[in-house]
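J.: The lines below spell out each chain.
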Amino acid sequence: MSAPDVTVIDYGVGNLLSVQRGLEHCGASVTLTADPERILAAERVVLPGVGAFGNAMRALEQLNLVEVIRGLASRQTPLLGICLGMQLLLEESEEFGITAGLGLIPGRVVPVPAQSVSGQAQKIPHIGWSALQPSAASSWSGTLLQDTRPGDAAYFVHSFMAVPTDPAHRIADCVYGGHLIPAVIGRDRITGCQFHPEKSGEVGLRILRRFCAD
Amino acid sequence: MKNIRLIARLDIKGPNLIKGIHLEGLRVIGSPGEHALRYYQQGVDELIYMDCVASLYGRNHLGDIVRSAARDIFVPMTVGGGIRSVDDATQILRAGADKVAVNTAAVANPQLITDIARRFGSQCMVLSIEAKQVGPERWEVYTDNGRERTGLDVVEWVKRGVAQGAGEVLLTSVDREGTRKGFDVPLVKAVTSAVSVPVIASGGMGKPEDLLAAVCEGGADAVAMADILHYKRADIGEIRAVAQAAGLGVRNYERT
Chain A
1 MSAPDVTVID YGVGNLLSVQ RGLEHCGASV TLTADPERIL AAERVVLPGV GAFGNAMRAL
61 EQLNLVEVIR GLASRQTPLL GICLGMQLLL EESEEFGITA GLGLIPGRVV PVPAQSVSGQ
121 AQKIPHIGWS ALQPSAASSW SGTLLQDTRP GDAAYFVHSF MAVPTDPAHR IADCVYGGHL
181 IPAVIGRDRI TGCQFHPEKS GEVGLRILRR FCAD
Chain B
1 MKNIRLIARL DIKGPNLIKG IHLEGLRVIG SPGEHALRYY QQGVDELIYM DCVASLYGRN
61 HLGDIVRSAA RDIFVPMTVG GGIRSVDDAT QILRAGADKV AVNTAAVANP QLITDIARRF
121 GSQCMVLSIE AKQVGPERWE VYTDNGRERT GLDVVEWVKR GVAQGAGEVL LTSVDREGTR
181 KGFDVPLVKA VTSAVSVPVI ASGGMGKPED LLAAVCEGGA DAVAMADILH YKRADIGEIR
241 AVAQAAGLGV RNYERT
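Line by line, the protein sequences are chains A and B.
Heads up: the first sequence begins at 1 in my numbering, then just goes up one per residue.
Heads up: the second sequence begins at 1 in my numbering, then just goes up one per residue.
Derived by calculation from the structure, the hints in this document are not laboratory data.
Among these hints, one or two may not hold up.
What the hints assert, rightly or not - Distance condition first, Cα-Cα at most 27 Å in a straight line; then the derived BS3-like pairs of lysine-lysine: (1) B:Lys159 - A:Lys123; (2) B:Lys13 - B:Lys159; (3) B:Lys132 - B:Lys207; (4) A:Lys123 - B:Lys2; (5) A:Lys123 - B:Lys189; (6) B:Lys232 - B:Lys13; (7) B:Lys181 - B:Lys232; (8) B:Lys13 - B:Lys207; (9) B:Lys159 - B:Lys189.
Please build the complete structure, drawing on both the sequences and the hints.
T.: If you want it as structure tokens, here you go:
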């Protein structure tokens, strides 16, 4: 069997080396590109991203990739958004004013609560390892979390969180200051991870392996 | 409850992992790659690489070490030592680092903190502070791996650094570093009380129980460990178990 092909969208935000190394570790053959044709023809696509929502959307627009990524959904191409790449999947973000996103999953990107449920100030960004738990309406079977166990911890670094409107699109949460933070969201063959699977040890690699087999 | 992070710190000179006392008298421990992989397999939460002699020679040599580590280590890596410009930071991030730690160059030019934070995000910009006690509840900032004094007060400097955009602080007690006497808890507390970003306590961890004071009394969000791991006086699993038994939140890690 040949190595599964993964195309990582290279739109100038963040460090793609770690994502690439993580996927290669899982046996994938990785292509980094911003070429619309190659992305549309890809077997599966990763949308990475670090930084501000508005800058990332502008970069995607300048590269004519917004419609391309939306097109992946109608082609049923498996798509994995990581961190900011997950947030971009939603309709809009409150970061630095309201900015429209890709709109592949209904919902909004809002700040991580600055106070815990007990009213204490908490550190923002949320940095560190948090345990994953199934969201209320979710089963992990058939998702990228198929091989993940509730309680497995993943590495998060974020100040905003992607909240789907429909609870059915919410797959896993983590808890920060008593608040439930969406950790994995999904719709059809689109998945978003708030944490960095490429920085989450074996737990993250299992998720990437599952994506490569999708 | 927030999970504290257990971080392995690897001080590097040339191709070697080294360890000193008070950041001096460096002794060769072995291969950075082998040690880093062992800590990863034990479930370490993050790695910090510091090029100890970089400031002296004006450049960071860790690119190759980090590039090779990024092949089979999948936890966050912070790299510091001799990072003097946004270009230096870009190079080291391209090699596979997730964050850069800046000390000497940030003291010389605080604008560098802002420039790196704007370019890569605050979460990427770790302010590294080497602190020496100079009086009761007073610490001075040192640079060049504990060799040069700056006249800056640690608490004033950390506030300035965070205002400039630092997203995290690596706080090394030069007095405790390599001594196994435990963390300088009053120093940690002074810094965690002054800023709201995460603080990594570094220097002095002699036994697993030492981390409890740094976290519970000092308010540290993470502890950096070197000596205790390099000399195999405890492994990450044992240290995690001590933290857990004391009721601290740690990453749920099962050996696979």
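J.: Give a verdict on every hint.
T.: Outcome of the hint check:
1. Using a Cα cut-off of 27 Å, the hinted pair B:Lys159 and A:Lys123 holds, with the two alpha carbons roughly 15 Å apart.
2. Between B:Lys13 and B:Lys159 the alpha-carbon distance is near 30 Å, which puts this suggested pair outside the 27 Å criterion.
3. Taken as a hint, the B:Lys132 and B:Lys207 pair is honoured in the structure, with Cα atoms around 22 Å apart against an allowance of 27 Å.
4. Between A:Lys123 and B:Lys2, the direct Cα distance comes to roughly 10 Å. Compliance with the 27 Å bound is thereby established for this hinted pair.
5. The straight-line distance between the Cα atoms of A:Lys123 and B:Lys189 is roughly 16 Å, inside the 27 Å bound, and the hint therefore holds.
6. Taking the CA atoms of B:Lys232 and B:Lys13, the gap is near 20 Å; set against the 27 Å cutoff, the hint holds.
7. For the hint pairing B:Lys181 with B:Lys232, the CA-to-CA distance comes to about 17 Å; that is within 27 Å, so the pair holds.
8. With a C-alpha separation of about 25 Å, the suggested pair B:Lys13 and B:Lys207 falls inside the 27 Å cut-off, and the hint holds.
9. Using a Cα cut-off of 27 Å, the hinted pair B:Lys159 and B:Lys189 holds, with the two alpha carbons roughly 14 Å apart.
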